[in-house]
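Between the sequences and the hints, there should be enough to build the whole structure, so can you do that?
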Amino acid sequence: AQKITQTQPGMFVQEKEAVTLDCTYDTSDPSYGLFWYKQPSSGEMIFLIYQGSYDQQNATEGRYSLNFQKARKSANLVISASQLGDSAMYFCAMREGRGGTGGTSYGKLTFGQGTILTVHP
Amino acid sequence: EPEVTQTPSHQVTQMGQEVILRCVPISNHLYFYWYRQILGQKVEFLVSFYNNEISEKSEIFDDQFSVERPDGSNFTLKIRSTKLEDSAMYFCASSATSGRYNEQFFGPGTRLTVL
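Quick note, the sequences are listed as chains L and D, same order.
Add 605 to a position in the first sequence, counting from 1, and you land on the number used in the working numbering.
Add 1 to a position in the second sequence, counting from 1, and you land on the number used in the working numbering.
None of these hints come from the bench; they were simulated from the model.
Being a predicted model, the structure only gives us computed values, none of them experimental.
Do not take every clue at face value.
[Said to hold, decoys possible] Pulled a few chain D residues facing chain L out of the computed Cβ check, cut under 10 Å:
id : residue
1  : Leu47
2  : Glu57
3  : Phe66
4  : Ser74
5  : Ala94
6  : Ser96
7  : Gly110
8  : Val115
[Claimed, not checked] Between beta-carbon pairs, the in silico distance windows are:
id : chain 1 : residue 1 : chain 2 : residue 2 : range
9  : L       : Lys621    : D       : Gly73     : 43 to 51 Å
10 : D       : Leu85     : L       : Lys678    : 31 to 39 Å
11 : L       : Tyr659    : D       : Val13     : 42 to 50 Å
12 : L       : Tyr659    : D       : Ser56     : 21 to 29 Å
13 : D       : His11     : L       : Lys608    : 40 to 48 Å
14 : D       : Thr98     : L       : Pro635    : 40 to 48 Å
15 : D       : Glu86     : L       : Lys608    : 20 to 28 Å
16 : L       : Asn663    : D       : Gln18     : 43 to 51 Å
A virtual CB, placed ideally from N, CA and C, is assigned to each residue, including glycine.
Shown next as structure tokens:
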């Protein structure tokens, strides 16, 4: 079974609009961490935002926020006020393992298939 | 801002040849990783390395692969006898022992093409 599922191969959004990228996960570990990475066409992987399984509040980092619904095992990324530079591939990833903050500090990341976001002017 | 660096950016090799991909992790990081991404596909974990030994490896990381930290700064991935299916982007990553998220910082990748 897939541990991380991103069901949207591609998404389109108008500049300045908000967009939600979906991510569902599967784990039996009570302690885990969820990450979102951005991969522009240049290929590098850029860390965007993190949510720990024990975090009480949804994570926010600037224009990025995470809609974390633990019971549904979903961790959707919300990008507000989209910019042309947001056009990229976006990956959801999970780190499992024991640890008070959600996952071990050194656990491997398991990635989803990615969503290509295109921002239109 | 400190960053992970990788060399070369692109490596072309003949099937059956050995390749060594090099990485310089962020200097105060102690956990190191290799991932690969076949073109158009998801990023896949290969191996993690801590305290001069492998912490975890995936099924992909068979005995054709090895990792080494030859000195205090480099972290290398060796593929002994490359196959066509080894063609991919290889990412090195590192993470700290403490910090808010212990997120993994990725290098720019090495694109390996096996002919």
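Results of checking the hints against the structure:
For D/Leu47, the interface hint holds, since its Cβ comes within 10 Å of a Cβ in chain L; the closest pair sits about 9 Å apart. Hint status for D/Glu57: holds, given a least beta-carbon distance of 6 Å to chain L, under 10 Å. The beta carbon of D/Phe66 is not positioned within 10 Å of any beta carbon in chain L (closest approach about 15 Å), and the interface hint is therefore violated. Using the Cβ-Cβ criterion of 10 Å, the hint placing D/Ser74 at the interface with chain L is not satisfied: the shortest such distance is roughly 19 Å.
A least Cβ separation of about 8 Å between D/Ala94 and chain L falls short of the 10 Å threshold, and the interface hint therefore holds. Hint status for D/Ser96 relative to chain L: holds, with the closest Cβ pair at about 7 Å, below 10 Å. Interface hint status for D/Gly110: upheld, as the beta-carbon distance to the closest one in chain L is roughly 5 Å, under 10 Å. For the restraint placing D/Val115 at the interface with chain L, the shortest Cβ-Cβ distance is roughly 18 Å, beyond the 10 Å limit, so the hint is violated.
For the pair L/Lys621 and D/Gly73, the beta carbons lie near 47 Å from each other, so the given range of 43 to 51 Å is met. Distance hint check for D/Leu85 and L/Lys678: the Cβ-Cβ separation is about 37 Å, which falls inside the suggested range of 31 to 39 Å. A C-beta distance of roughly 46 Å is found between L/Tyr659 and D/Val13, which places it inside the suggested range of 42 to 50 Å. At roughly 23 Å, the beta-carbon separation of L/Tyr659 and D/Ser56 lies within the given 21 to 29 Å, and the hint holds.
Between D/His11 and L/Lys608 the C-beta distance comes to about 31 Å, which lies outside the given range of 40 to 48 Å. Range check, D/Thr98 to L/Pro635: about 22 Å between beta-carbon atoms, so the 40 to 48 Å window is missed. For D/Glu86 and L/Lys608, the Cβ-Cβ distance of about 23 Å falls inside the hinted range of 20 to 28 Å, so the restraint holds. In this structure the supplied range 43 to 51 Å holds for L/Asn663 paired with D/Gln18, their Cβ-Cβ distance being about 49 Å.
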